[in-house]
Amino acid sequence: DQQVKQNSPSLSVQEGRISILNCDYTNSMFDYFLWYKKYPAEGPTFLISISSIKDKNEDGRFTVFLNKSAKHLSLHIVPSQPGDSAVYFCAAKSQISNFGNEKLTFGTGTRLTIIP
Amino acid sequence: NAGVMQNPRHLVRRRGQEARLRCSPMKGHSHVYWYRQLPEEGLKFMVYLQKENIIDESGMPKERFSAEFPKEGPSILRIQQVVRGDSAAYFCASSPTGVRVSNQPQHFGDGTRLSIL
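Heads up: the sequence lines are chains A and B, in that order. Once you know that position 65 of the first sequence is 65 in the working numbering, the rest is easy, because the numbers rise by one and skip nothing. Once you know that position 40 of the second sequence is 40 in the working numbering, the rest is easy, because the numbers rise by one and skip nothing.
It should be emphasised that the hints constitute simulated quantities derived from the structure, not laboratory data. Treat the hints with caution; some may be incorrect.
[To be verified] Below 20 Å or equal to it, Euclidean Cα-Cα: the simulated EDC-like pairs (lysine to aspartate or glutamate) are:
1. A:K5 / A:D31
2. B:K71 / B:D56
3. A:K38 / B:E40
4. A:K56 / A:D31
5. A:K5 / A:D55
6. B:K27 / B:E68
7. A:K54 / A:D24
8. B:K44 / A:D24
9. A:K68 / A:D24
10. B:K44 / B:D56
11. B:K27 / B:D110
12. B:K27 / B:E52
13. B:K51 / B:E72
14. A:K5 / B:E40
15. B:K51 / B:E68
16. B:K71 / B:E52
17. A:K68 / A:D55
18. B:K44 / A:E42
19. B:K71 / B:E57
20. B:K44 / A:D1
21. A:K38 / B:E41
22. A:K71 / A:D55
23. A:K38 / A:E15
24. A:K5 / B:E41
25. B:K44 / A:D31
26. A:K38 / B:D110
27. A:K56 / A:D24
[What the hints assert, rightly or not] For the chain A half of the interface with chain B, some residues (derived, Cβ under 10 Å), not all of them:
28. Y36
29. A41
30. G43
31. F89
32. E102
33. T105
34. F106
By construction, the Cβ of each residue, glycine as well, lies at the ideal position given by its N, Cα and C atoms.
For reference, chain A alone in the conformation it holds in the complex (with noise of 0.2 Å):
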């Protein structure tokens, strides 16, 4: 059961113009969002982050946007540069447990190409 979902497995943006990157989920407990990034024969490198309570955040290029009533979440990077190219990977929690911090349920990711 894909609790997090990443529908497109590729996409391919010229660099400048805007890349929109969408991730869905079904378990309506995770109330925690984070994308990572990742390069071949490396591991994810964290970006950006999300809480529930929030519908929006933006770190310079980068902006998530969550909508909760949809179970959607998406990354925005803007404008879109060639060392962008990469595998990115949408990752979800729940705050809510007995373990403290929780583990990680991550889509399938998306690769993402920066045409020059």
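Starting from the known structure of chain A, arrange chain B on it as the hints suggest.
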């Protein structure tokens, strides 16, 4: 380098052998997580440990896999009697100790690529 350190980066084993993967968390971090990534898939949670304690092992296969995080030294993920299906990238992550850690991101190492011949 103050990041999460994993070794070895690549490990080749024959079927039936044992594989040991090591992870040293970031300085000041006492929460360690292991994830596995199969080709063309996302990362799947395996186990969450704190020093000398397994907190959540709900993602660990019931047999052949074990993990530890001793008081001194790195966390170890051990796979006994490896099979071809164990071939994957294994990533370790850590997060900081302290109050309200639940909103802290996990920081990942570069992984160990395990190949089973």
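These are the hints, each one checked on the structure:
For the given pair, K5 of chain A sits about 16 Å from D31 of chain A by alpha-carbon distance, which is consistent with the 20 Å threshold. Between K71 of chain B and D56 of chain B, the direct Cα distance comes to roughly 18 Å. Compliance with the 20 Å bound is thereby established for this hinted pair. Under the criterion of a C-alpha separation no larger than 20 Å, the hint pairing K38 of chain A with E40 of chain B is consistent with the structure, at around 13 Å. Between K56 of chain A and D31 of chain A, the direct Cα distance comes to roughly 14 Å. Compliance with the 20 Å bound is thereby established for this hinted pair.
Proximity of K5 of chain A to D55 of chain A is assessed by CA-CA distance (about 19 Å); at most 20 Å being required, the pair is judged to hold. Of the pairs offered as hints, the one joining K27 of chain B and E68 of chain B holds, with about 18 Å between alpha carbons and a cut-off of 20 Å not exceeded. The straight-line distance between the Cα atoms of K54 of chain A and D24 of chain A is roughly 17 Å, inside the 20 Å bound, and the hint therefore holds. Taken as a hint, the K44 of chain B and D24 of chain A pair is honoured in the structure, with Cα atoms around 17 Å apart against an allowance of 20 Å.
Between K68 of chain A and D24 of chain A the CA atoms are separated by roughly 10 Å; this keeps the pair inside 20 Å, and the hint holds. Proposed proximity of K44 of chain B and D56 of chain B is supported: the alpha carbons are some 13 Å apart, at most 20 Å. With a C-alpha separation of about 16 Å, the suggested pairing of K27 of chain B with D110 of chain B holds against the 20 Å cut-off. For the given pair, K27 of chain B sits about 17 Å from E52 of chain B by alpha-carbon distance, which is consistent with the 20 Å threshold.
Between K51 of chain B and E72 of chain B, the direct Cα distance comes to roughly 9 Å. Compliance with the 20 Å bound is thereby established for this hinted pair. A C-alpha spacing of about 14 Å is found between K5 of chain A and E40 of chain B, which places the hinted pair at or below 20 Å, so the restraint holds. For the proposed pair K51 of chain B and E68 of chain B, the alpha carbon gap of about 8 Å is at most 20 Å, so the pair holds. Between the alpha carbons of K71 of chain B and E52 of chain B the distance comes to roughly 6 Å, so the proposed pair stays at or under 20 Å and holds.
For a cut-off of 20 Å, the pair hint linking K68 of chain A to D55 of chain A stands: about 8 Å separates their Cα positions. A distance of roughly 16 Å separates the Cα atoms of K44 of chain B and E42 of chain A; the hinted pair therefore holds under the 20 Å criterion. For the hint linking K71 of chain B to E57 of chain B, the alpha-carbon distance of about 19 Å falls within 20 Å, and the restraint holds. Our distance criterion of 20 Å between C-alpha atoms is met by K44 of chain B and D1 of chain A, whose separation comes to about 12 Å.
Between K38 of chain A and E41 of chain B the CA atoms are separated by roughly 13 Å; this keeps the pair inside 20 Å, and the hint holds. Taking the CA atoms of K71 of chain A and D55 of chain A, the gap is about 11 Å. The hint holds against a cut of 20 Å. For the suggested pair K38 of chain A and E15 of chain A, the alpha carbons sit about 19 Å apart, so the restraint of at most 20 Å is met. Among the hinted pairs, K5 of chain A with E41 of chain B is consistent with the structure: their alpha-carbon atoms are about 11 Å apart, no more than 20 Å.
Restraint check for K44 of chain B and D31 of chain A: satisfied, since their Cα atoms lie roughly 19 Å apart, inside the 20 Å limit. For a cut-off of 20 Å, the pair hint linking K38 of chain A to D110 of chain B stands: about 10 Å separates their Cα positions. Simply put, K56 of chain A and D24 of chain A have alpha-carbon atoms about 16 Å apart, close enough for the 20 Å limit, and the pair holds. Restraint check, Y36 of chain A versus chain B: the minimum CB separation of about 8 Å is within 10 Å; hint holds.
A distance limit of 10 Å between C-beta atoms decides the matter here; for A41 of chain A the minimum to chain B is near 7 Å, and the interface restraint holds. For G43 of chain A, the shortest C-beta to C-beta distance to chain B is roughly 4 Å, which falls under 10 Å, so the interface hint holds. Hint on F89 of chain A holds. Least Cβ distance to chain B is approximately 6 Å, under the 10 Å limit. For E102 of chain A, the shortest C-beta to C-beta distance to chain B is roughly 7 Å, which falls under 10 Å, so the interface hint holds.
For T105 of chain A, the interface hint holds, since its Cβ comes within 10 Å of a Cβ in chain B; the closest pair sits about 7 Å apart. Given the 10 Å rule on beta carbons, the hint for F106 of chain A holds: about 4 Å separates it from the nearest Cβ of chain B.
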